[in-house]
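Turn these sequences into a full structure, and let the hints steer you where they fit.
Okay, here's what each chain looks like letter by letter:
There are 2 protein chains.
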Amino acid sequence: MQYDIAKSLEILERTPSVLTSLLSGIDDEWIMNNEGPDTFSPYDVVGHLLHGEKTDWTARIKRILDHGTSKSFDSFDRFAMYEESKGKTMQQLLNEFENIRKQNMIWFKSLDLQQIDYDKKGLHPKLGEVTLRNLLATWVVHDLTHIAQITRVMAKQYKTEIGPWVEFFRILNF
Amino acid sequence: MQYDIAKSLEILERTPSVLTSLLSGIDDEWIMNNEGPDTFSPYDVVGHLLHGEKTDWTARIKRILDHGTSKSFDSFDRFAMYEESKGKTMQQLLNEFENIRKQNMIWFKSLDLQQIDYDKKGLHPKLGEVTLRNLLATWVVHDLTHIAQITRVMAKQYKTEIGPWVEFFRILNF
Chain R
312 MQYDIAKSLE
322 ILERTPSVLT
332 SLLSGIDDEW
342 IMNNEGPDTF
352 SPYDVVGHLL
362 HGEKTDWTAR
372 IKRILDHGTS
382 KSFDSFDRFA
392 MYEESKGKTM
402 QQLLNEFENI
412 RKQNMIWFKS
422 LDLQQIDYDK
432 KGLHPKLGEV
442 TLRNLLATWV
452 VHDLTHIAQI
462 TRVMAKQYKT
472 EIGPWVEFFR
482 ILNF
Chain W
312 MQYDIAKSLE
322 ILERTPSVLT
332 SLLSGIDDEW
342 IMNNEGPDTF
352 SPYDVVGHLL
362 HGEKTDWTAR
372 IKRILDHGTS
382 KSFDSFDRFA
392 MYEESKGKTM
402 QQLLNEFENI
412 RKQNMIWFKS
422 LDLQQIDYDK
432 KGLHPKLGEV
442 TLRNLLATWV
452 VHDLTHIAQI
462 TRVMAKQYKT
472 EIGPWVEFFR
482 ILNF
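As given, the protein sequences belong to chains R and W, one line each in that order. Just so you know, the numbering used here puts 364 at position 53 of the first sequence, and the rest follows in order with no gaps. Just so you know, the numbering used here puts 477 at position 166 of the second sequence, and the rest follows in order with no gaps.
Just to be clear, a hint being listed does not mean it is correct.
What the hints assert, rightly or not - Calculated pairs, SDA-like style, for lysine to any residue (alpha carbon to alpha carbon, straight line, at most 25 Å):
| no. | chain 1 | residue 1 | chain 2 | residue 2 |
| --- | --- | --- | --- | --- |
| 1 | R | Lys470 | W | Lys470 |
| 2 | R | Lys431 | R | Thr380 |
| 3 | W | Lys470 | R | Ser319 |
| 4 | R | Lys470 | W | Leu376 |
If you're looking for bench data, these hints aren't it; they were derived computationally from the structure.
Below, the structure written as structure tokens:
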């Protein structure tokens, strides 16, 4: 599947409602447990998505448009949410994410990018040269894979309770 | 996390709205592509969930309550949806799934199961003895892991488009 801006916005615009459907009002046991030491709980993942929305995706788009490869992206702190989410409920994180994603979509559309813009290059501090198209596709993939992660983490909470069925669920061993 | 009926219903009851948020009205490229030969597309997965809802979960619950281990479960056809979904749109499948899941939840609550019931045993044709608790926990895990699968399959469609970022997404290689 080739990168297509309309098809990408279809995903980015619906992620807040997917997360809300999945996580709003649910028991803490589903959202505060993780997959073991140094792994994210669903609560952590939503905080991580929120932090990216505030500090990362739009900043990197701007960096490419303003500076090309002459100034590399700032590093993204993948663990910032451990501090930032403190004291917030899941519902607060979901609401904040929904609001800022909506603003970011409005901002993004206002850029009115043309086909030629997607080939513009930026510099990732670890990966080197990337295109704006790569960055925008990664925004989509990042949403989708974190939804996959959340549901996998939730499923794992019942790994023992399913008894003999565990052998049919390869995904629980990831 | 121990099996708890209220916490399980929290998942089972929200799965239709999660699937609708994720898949309703989206471009066919996101829902008709799969992970390669002999794998499911998101469209296939929803058909598979619908088939299970019609033929499998409630029938197996009844079998345990009516026959214990004296009569094993019927086998579940994991590929029945290839025939059953023919000619149906994703929206039709989503609507059917929402309706039948709702009916199944009403039926399930009407059973008014007691703690002692969850230890009742049934006979799985391949796995041997399983408890009603195992079966009910598996219903939840089956929902969650298939949502994980759908979002992983969707993410993989952009595996090439993300360029160098692919190395940060272990999940795309599953």
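#### Entry: Hint check, failures only
1
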